[in-house]
Amino acid sequence: MDFEHACTYAEMKEWVSDLTKGLGVNVVYDSVGKETFKQTIELVGRRGDMVLYGAASGPVDPINPLTLTRNSIYLSRPTLSDFIPTFAEKKERINDLLSALLSGALELPAIQTFTFEQATQAHRLLESGMAGGKLAFTTE
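Its first residue numbered 7, the sequence shown is counted upward by one per residue in our numbering.
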């Protein structure tokens, strides 16, 4: 993968502040949830968007709506079923996706594979936030 900028969760707040000269970012997409939400919402700049679209670490604790008044933040929690509500549309979107993959118009990032003996190493990489894609275990 080719990144212009990258950081770990531990250095995220300082890194974003330095990069944006303290203004914050226009949008944050948080797929982790419980473990990162309080950190990531602090990264959002004035009239920015906070999009919580996953809960890999569990659901986010309830928040006080007044939290959003800092910088007039917009918070959304979209779900796929609201954007692709019917089976027919899901089928059409899947066909579009598969066509793009088969034609080479869309490329998937490499999947890093680990043996079960390497589970500790895989877990550390995942926790570091630097996996850069999917991790999978092989049985051989």
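Hint data in this document are derived by calculation from the structure and do not stem from the laboratory. There's no promise every hint is true.
[What the hints assert, rightly or not] Taking lysine-lysine pairs in the BS3-like style, the calculated list, with each CA pair at most 27 Å apart, reads:
(1) K97 <-> K140
(2) K19 <-> K44
(3) K44 <-> K27
(4) K19 <-> K140
(5) K19 <-> K40
(6) K140 <-> K96
(7) K140 <-> K44
(8) K140 <-> K40
Note that the structure is a prediction, hence the values are computed from the model and not measured.
Taking the hints in turn, this is what the structure says about them:
1. Among the hinted pairs, K97 with K140 is consistent with the structure: their alpha-carbon atoms are about 24 Å apart, no more than 27 Å.
2. Our distance criterion of 27 Å between C-alpha atoms is met by K19 and K44, whose separation comes to about 11 Å.
3. For the hint pairing K44 with K27, the CA-to-CA distance comes to about 21 Å; that is within 27 Å, so the pair holds.
4. For a cut-off of 27 Å, the pair hint linking K19 to K140 stands: about 25 Å separates their Cα positions.
5. Under the criterion of a C-alpha separation no larger than 27 Å, the hint pairing K19 with K40 is consistent with the structure, at around 17 Å.
6. Taking the CA atoms of K140 and K96, the gap is near 23 Å; set against the 27 Å cutoff, the hint holds.
7. The hinted pair formed by K140 and K44 meets the criterion: a straight-line CA distance of about 25 Å does not exceed 27 Å.
8. For a cut-off of 27 Å, the pair hint linking K140 to K40 stands: about 20 Å separates their Cα positions.
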